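Asker: Work the whole structure out from these sequences, hints included.
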Amino acid sequence: MAWEDSSFSSPKPFKFHGQEDYNSMNKSVDRLCSLLFACIGIGFILESRKITQSSFGGSGSVGSDIFPFGLGLILVLLSIGLFIETFKYKEQVSEKQNFNYKKFIIILVAGVLYGLFLEDIGYVIGTFLFLIIGFQTMNRGKWITSILISGVFSIGVYYLFVGVLQGNLPGFPAW
Amino acid sequence: MDAIQYLITGFSTALQWHNILFCMVGVIIGTAVGVLPGIGPMSGVALLIPITSSLTGGLEADQAAVSAIIMLCGVYYGAMYGGSTTSILLNTPGESSSVVTTLDGYQMAKQGRAGAALSISAIGSFVGGVVSIIGLVFLAGPLSNLAIKFGPAEYFSLMVLGLCAISGLAGKSIIKALMMTVFGLLLATIGMDSVSGVSRFTYDQPVLYQGLEFLTVAVGLFALGEVFKTIIENDNSEGQIAKFSKILPTKQDMKDSTGPVLRGSVLGFFIGVLPGAGATLASFFSYSMEKKISKHPEKFGQGAIEGVAAPETANNAASGGAMIPLLTLGIPGSGTTAILMGAFIMYDITPGPLLFPEHPTIAWGLIASMFIGNLMLLILNMPMVKVFAKIIETPSKYLLPIIVAVSVFGVYAVQVSTFDLMLLFGCGVVGYFLARNDFPLAPLVLGLVLGPMIENNLRRALTGSNGDFMIFLEKPGSLIFLLLAVLWISIPIVMKMRGKKVLINEEA
Chain A
1 MAWEDSSFSS PKPFKFHGQE DYNSMNKSVD RLCSLLFACI GIGFILESRK
51 ITQSSFGGSG SVGSDIFPFG LGLILVLLSI GLFIETFKYK EQVSEKQNFN
101 YKKFIIILVA GVLYGLFLED IGYVIGTFLF LIIGFQTMNR GKWITSILIS
151 GVFSIGVYYL FVGVLQGNLP GFPAW
Chain B
1 MDAIQYLITG FSTALQWHNI LFCMVGVIIG TAVGVLPGIG PMSGVALLIP
51 ITSSLTGGLE ADQAAVSAII MLCGVYYGAM YGGSTTSILL NTPGESSSVV
101 TTLDGYQMAK QGRAGAALSI SAIGSFVGGV VSIIGLVFLA GPLSNLAIKF
151 GPAEYFSLMV LGLCAISGLA GKSIIKALMM TVFGLLLATI GMDSVSGVSR
201 FTYDQPVLYQ GLEFLTVAVG LFALGEVFKT IIENDNSEGQ IAKFSKILPT
251 KQDMKDSTGP VLRGSVLGFF IGVLPGAGAT LASFFSYSME KKISKHPEKF
301 GQGAIEGVAA PETANNAASG GAMIPLLTLG IPGSGTTAIL MGAFIMYDIT
351 PGPLLFPEHP TIAWGLIASM FIGNLMLLIL NMPMVKVFAK IIETPSKYLL
401 PIIVAVSVFG VYAVQVSTFD LMLLFGCGVV GYFLARNDFP LAPLVLGLVL
451 GPMIENNLRR ALTGSNGDFM IFLEKPGSLI FLLLAVLWIS IPIVMKMRGK
501 KVLINEEA
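Protein chains in written order, with the working numbering: chain A, 1 to 175; chain B, 1 to 508.
Simulated from the structure, these hints should not be mistaken for laboratory data. Since this is a predicted model, take the numbers as computed values, not measurements. Don't be surprised by glycine CBs; every beta carbon is placed ideally from N, CA and C. Any given hint could be a false lead.
Here are the computed lysine-lysine pairs in the PhoX-like style, where the Cα-Cα straight-line distance is at most 20 Å [what the hints assert, rightly or not]: (1) Lys246/B to Lys292/B; (2) Lys149/B to Lys110/B; (3) Lys172/B to Lys27/A; (4) Lys496/B to Lys110/B; (5) Lys142/A to Lys103/A; (6) Lys299/B to Lys88/A; (7) Lys390/B to Lys246/B; (8) Lys27/A to Lys88/A; (9) Lys88/A to Lys496/B.
Pulled from the structure, derived: some chain B residues nowhere near chain A, Cβ distances all over 10 Å [stated by the list, open to error]: (10) Ile8; (11) Phe11; (12) Ala61; (13) Ile175; (14) Leu185; (15) Arg200.
Answerer: Now the structure itself:
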């Protein structure tokens, strides 16, 4: 089977939701990634040497260090390959896009705090607060709808899971 | 006919009322997942794993497993049905296997034939699904009988082949795909080594002894990764949804699509069976094949119903075909089947040649339920096409934070640990960053799932040969698999060097 098809001529690249600039190859990011993964590979190689050997086996037995050691080696080689590859392709300049890093950071921080304090403030309050922050960050306004959806979601999920399915969730703060 | 008899037993499992219910919920959620932009089949299945596990909590172990897996598979092929809806109505595919459908589907919608396009894709999906399940019924037995003869060396090489196959077609750069595979395999080594009980890379952190939980990583990489991408790149493109009133296709439409549907089923099935080549490639190939053999190739792109019927049939047939290597060999051929395999493992069931003899209720119950699920989808989709079209309008303002909340709930409900929640968000950020820079995520998940098994087989084979690596080349079966793996990686590279365009499988 040949993975190539000449009859399929697509005049324009297909656009997924905002995927158009996935075509852009970014040399500096790729080089950075290759360095990063090379470091990860070296880390696994070095650390796998420290793995205490299991007692059973004997000569010729295969220890638990072989697999991560070999993989670390392959990862380093592949990273070098990627580094070399960055010299071969032409940099494609992607059009400027306005990235919404602010919204992303707010939601990420809110999410991490939500996760960290879930056990302290309980599922219902935590989820309610997170959703309100999330909705309002995405798009300001419509407070009543936001409060309604957050409330229904957090209380609904909690009672379905704990009440009906007898699951285990920290419901409300202990205090 | 052994297979038929087993299948009848399978139906008795699948027709239990709670399993029918699970199947129905699965396919409806799956269709919604396919319709909604921002959640693909991979994140849909990953997100539902914890929910199914809590839903099936009250059942016995074997029963719970079969019900959960029926539901998750329903999500998988339901998403294939749903993906076409946005392609046709909005000109934006809900997932990558419906990309080609936009070419003729949206044209048909503009001509006011959206209803016909939607229903023909539902009919095609049904036929494709059923053909591939029939293939599964008859191939499952012989294949697992063959696979059961494999020793550890053959198994190791077969898994290497599976990994290479998915890496060779997974992204723009094969090197990046291979890096992701190796990275996934490395992540799988964290934790207690199952062979010797030695803890690796845990640094005395109790949370790491169990290893990185597959579910957490998958939900983080796919579901949160996609959410972050949508937030950052702000691509809630507000398109005009095409209106339509008539749903049923005309007689001429049916006549025109019979050929494409039948050819698409067979082609899609065989492409689906090949590891690495999933639903996306199947839809591309069947479209271009129809265009080649058509008497009026100029009609394609202008709203030819063949151009909707063929790819939509093929992508469903392929998703059924992809179940074959998963169920009989234990080797998932795509990202979504890798996640399904993770779900199997969570229920202590290892897909592979032993699945059919050891858990016949699960294996055949699942296959039977796929028949039922496809029938349900056909029945549901015809009248409910308009309801699903409404789902597209769900504002992302509410959708995205809720996906995050569902991910947190799912991970916490199963893992009950704050560490996993932090890992979840970490994986979300990493997933976004990697996908943004063309590092495909499917190979990473595949590596994570297959890692422990590859390592076990590697070490068992090496222990048998006293540490001699030549055993992998001496056993003929193993040698063949390794040669195929090399070819699978090198052929696309050679073709690229010759300047040919290589189709890749961007399954999201």
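Asker: Let me make sure I understand: some of the numbered hints might not hold for this structure. Which ones are they, in numerical order?
Answerer: Result: hints 1, 2, 4, 6, 13, 14 and 15 break, sorted rising.
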